[in-house]
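Just so you know, the protein sequences line up as chains A and B, in that order. For the first sequence, position 82 matches number 288 in this note's numbering, and the numbering has no gaps at all. For the second sequence, position 354 matches number 406 in this note's numbering, and the numbering has no gaps at all.
You can take every hint at face value.
Capping the alpha-carbon separation at 20 angstroms, the derived lysine to aspartate or glutamate pairs in EDC-like fashion look like this: (1) 169(B) / 222(A); (2) 169(B) / 256(A); (3) 260(A) / 214(A).
Here are some, though not all, of the chain A residues that point toward chain B, as calculated from beta-carbon distances under 8 angstroms: (4) 224; (5) 225; (6) 253.
Read the hints as simulated data drawn from the structure, not as lab findings. As the structure is a computational prediction, the values presented were derived from the model and not from experiment. Backbone N, C-alpha and C define an ideal beta-carbon position, used for all residues, glycine too.
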Amino acid sequence: MTEQEIIERIDASLAEEFELEMSMMVPEATLFDDLGLDSLDMVDMVIALEQAFKLKIRDEEEIRKIRTLGDIHSFVIGKVRELGML
Amino acid sequence: MSPFGRGVETLVESLLQGKSGVRRLPELEAYEGLRSLVAAPVEGIDPKIIHRRHRRTMSPMSVYATLATQDALDQARLTTEACKSGDMGIAVGSSVGSTISTQQSYSDFFNFNSLEKMRSTAFFKIMNHSCAANVSHALGITGRIFAVSSACSTSCQTLGLGAETVAFGRQEIMVCGGAEEYHPLITATFDIMNASSCGFNDAPERTPRPFDRDRDGVVCGDGCGILILESPESARRRGAPILAEVAGFATVSDTSNMVNPSPDSMEICMRKALKDADIAPDRIDYINAHATGTDQGDRAEGEAVQRVFGSRTPVSSLKGHLGHTMAACGALETVAVITLMNRGSLAPTLNLENADPACADIRHVTGVEHRETTWVLKNNFAFGGVNSSIVLRRYEHD
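Kindly generate the complete structure, drawing on both the sequences and the hints.
Structure follows, in structure tokens:
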């Protein structure tokens with residue numbers, strides 16, 4: 207899986223989960239202000255990502271620092287690389 | 053929101069045309085031992101007309117309640133500003149929280165002790181005050197909030213609670229009603245008590261049959277009924293279209309048996325509602341019965357009605373058309389009754405062909421009747437012995 211494929215899968219998963227336009231899925235988009243998500247959505251975002259990538263990330267400290275879609279891209283790419291899937 | 057779809061016009065026209073909302077559900081055949089294969093669920097509602105931000109915590113019952121409340125607010129000419137004023141409260145309930153969501157979100161938890169697929173929003177669909185909370189949030193209603201839960205008496209009780217809340221001056225306006233969403237477990241619940249209709253799986257439109265000698269039980273349905281109650285002063289000041297007045301209400305606890313109703317308690321309930329309305333029984337022009345098509349319930353109500361009103365006052369149940377919409381039935385049927393009252397019509401008990409001799413000594417409505425109706429008494433009785441009656445009066449415009 208390439209980094210671009212990971213990004214595309216993240217964007218598609220979250221767009222479907224939160225009914226967002228794909229045009230909104232840009233790396234600099236902030237999750238709360240630009241994408242309109244809140245703390246409840248963040249919980250379901252983690253579940254959506256876990257299911258999309260077969261990961262277990264719920265207890266990762268780093269998740270709490272995520273602010274933008276780009277942060278999610280970097281985080282997931284890092285996890286996938288850690289698992290040797292990249 | 054009825055088995056006929058969204059809106060009052062659809063509901064009332066279907067009743068007057070003698071339509072049945074009951075159909076056979078093939079998915080019920082998958083349940084081993086389930087004998088009743090018929091139900092009356094709402095169809096054709098797209099929940100996506102509600103924004104995801106609000107919809108994410110809604111199961112179907114809250115979707116129904118939100119759309120029905122929006123329609124009621126529009127009809128009452130109430131704006132978003134009125135919702136947010138603090139002068140408007142809400143009393144909306146359901147029999148239970150969402151069974152659909154419990155199954156979808158918690159099955160892994162129950163079966164595998166796993167939280168893996170559990171959604172953060174699941175609880176907000178399952179909590180017993182899901183409908184009241186979701187409607188309030190979606191529409192911005194900021195006054196008092198009550199979530200009555202008394203199964204089949206739920207929304208009759210919310211109407212009484214709402215009327216008393218307004219009468220005591222605690223709120224100027226109350227949004228009142230109930231909602232239910234269909235799940236096969238509801239049919240199974242009645243089936244296991246031998247109270248579901250099992251003999252009409254191949255002729256679903258012929259059941260339920262309230263008061264009929266060939267009735268064989270309840271047909272479960274779903275939907276939502278919402279009414280706006282408001283002080284007369286407030287309604288007149290706003291120039292609101294006033295449809296009817298709540299003249300009296302009573303609710304009592306029948307402690308004789310958890311499931312088998314007593315005509316004595318039903319009689320007491322109706323007499324208390326009449327007393328609250330300060331009106332004699334012979335002034336009532338029509339009785340909208342709870343009658344669901346069960347052997348004992350219909351017989352007890354027929355006997356109680358006969359004791360209070362004799363054999364002259366027209367009586368019908370709308371369950372033959374709508375099935376039993378549970379927590380929604382009190383308000384949903386009241387919406388129909390008020391609309392019909394204002395049109396000078398009475399809807400019959402669909403499928404009542406030969407009255408059970410035990411229920412024969414009351415004046416059944418067996419076809420659409422056109423007559424002026426000013427006073428109506430409506431009953432709803434629930435498992436657990438929760439009896440409720442409401443007296444409505446047609447509004448006399450100046």
